[in-house]
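Just so you know, the protein sequences line up as chains A and B, in that order.
If you're matching positions, the first sequence starts at 1 in my numbering and goes up one per residue.
If you're matching positions, the second sequence starts at 1001 in my numbering and goes up one per residue.
Simulated from the structure, these hints should not be mistaken for laboratory data.
Hints are not guaranteed to be accurate.
Claimed, not checked - Footprint (simulated), chain B over chain A, 3 or more residues, beta carbon under 8 Å:
no. : region
1   : 9 to 20
2   : 24 to 37
3   : 47 to 58
4   : 66 to 77
Said to hold, decoys possible - Just some of the chain B residues that point at chain A, by a computed CB distance under 7 Å:
no. : residue
5   : Ala1053
6   : Leu1055
7   : Pro1079
8   : Thr1081
9   : Ile1163
10  : Pro1175
The C-beta atom is built at its ideal place from N, Cα and C for all residues, glycine as well.
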Amino acid sequence: MIPALLTLLGAQLAGEMLTRVTGLPLPGPVLGMLILIAGFAVFPGLVTIVRPLAQGILGNLSLLFVPAGTGVVGHLGTLAGYGPALAVVLIVSTILAIGAGALAFTAVAKLMKMEPEA
Amino acid sequence: MTDFAEIWSYLARGPLLWLTATLAAYAAGDACFRAAGRKPWANPVLIAVALLAGLLWLTDTPYPTYFEGAQFVHFLLGPATVALALPLWDNLPHVRRAALPLLAALVTGSVVAAGSAVAIARAFGITGEVLASLAPKSATAPVALGISERLGGSPTLTAVLVILTGIIGAICTTPLLNALGIRDWRARGFATGVAAHGIGTARAFQVHPVAGAFAGLGMGLNAVLTAFVAPLVLRLFQ
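The following block holds chain A by itself, in its conformation from the complex (with noise of 0.2 Å):
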């Protein structure tokens, strides 16, 4: 648990540091995660020590949206004004992403003739 979570907030001040210094425009979490990714590369050992915690987090990863969800009650009239306007803006927007990259997978896999796992 302590070597775990020593990791993950380990690889997130690296992140933030990195960012700081550098002026990337990734947000620190970000640059932690990638820095991650390298240490699994480096040390295979760090994905057993981390596992258990990391799909404790991501299993529960929703609750962590609730804080800045219910900030919500700051924004009520933005939300009263732009409400019909930000609707057509959601759904359009993701239906055009979903659809957009589901077609530009299976274009690309077609001109490599790979088969479909379907």
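Let chain A serve as the given structure and place chain B on it in line with the hints.
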């Protein structure tokens, strides 16, 4: 004897009450989700947020007071983002085998998600903080909040937009991809994860295990790509 008002004013000052309320609201939301047969519209986060927002309104509690307790949960978003390294690592052999189709789907999905959202919003006259909050809405919440903050958006508004995007994606993906005639589980799952992050991934796992694994992969990769795409798209339309 201490009366209720005194106990309340004592508890309302410390972080314990609102931390407990956050976990209780989520437990209630999760129970509703299970009772509804895990339908995507009965999203536990949406239910928990509605319960807490109602409670804050009823007790006349300002959001900063609530957040003093809830910040302990909120803090875990950072380590959770780092933990996404694990499913990515586990799926690395899959990635190598289908690298080019995955890359095409990732770039297309990510750019279309952020680009179409910002373009349509701009056409409706949405600008400034709200527009910046929209740009990262397809990335998983911990990452989207960080990007939104950097772009001058509102992280709390982004959190709500991210959750709504996930629910819309989870509801639309199966009928949409059936209509498009796409049957490859890798394509279906991956595109859903790119556009609709964790909530879409949870939906993909219900449909097919391969779709679920590829959705998790799409979510993780788009978390990285959105950090680059969202600022570019926003600069284009501002």
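Verify this for me: three or more residues of the region 47 to 58 of chain A with a beta carbon less than 8 Å from a beta carbon of chain B.
holds (count 8)
Close enough to count: is the Cβ of threonine 1081(B) nearer than 7 Å to one in chain A?
Hint holds; threonine 1081(B) Cβ to chain A Cβ min 4 Å, cut 7 Å.
Taking 8 Å as the Cβ threshold, is the statement that the region 9 to 20 of chain A is covered by chain B upheld or broken by the three-residue rule?
holds (count 4)
Examine the region 24 to 37 of chain A for residues whose CB is less than 8 Å from any CB of chain B, and state whether their number is three or more.
holds (count 11)
Would you check whether leucine 1055(B) satisfies its interface hint, that is, whether its CB is within less than 7 Å of any CB in chain A?
With a minimum Cβ separation of about 9 Å from chain A (threshold 7 Å), the hint on leucine 1055(B) is violated.
Would the hint on isoleucine 1163(B) stand, with a C-beta cut-off of 7 Å toward chain A?
This hint holds: isoleucine 1163(B) lies near chain A, its Cβ roughly 6 Å from the closest one there, short of 7 Å.
Interface hint for proline 1079(B), Cβ within 7 Å of any Cβ on chain A:
Result: holds, 4 Å to nearest chain A Cβ.
Evaluation of the interface hint that places proline 1175(B) against chain A, nearest CB under 7 Å:
violated, 10 Å
Checking hints one by one. Is alanine 1053(B) an interface residue toward chain A, by the C-beta closer than 7 Å rule?
holds, 5 Å
Using C-beta distances, would you say chain B covers the region 66 to 77 of chain A, given that this needs three or more residues below 8 Å?
Answer holds; 10 residues pass the 8 Å Cβ test.
In this structure, the hints that do not hold are numbers 6, 10, in rising order.
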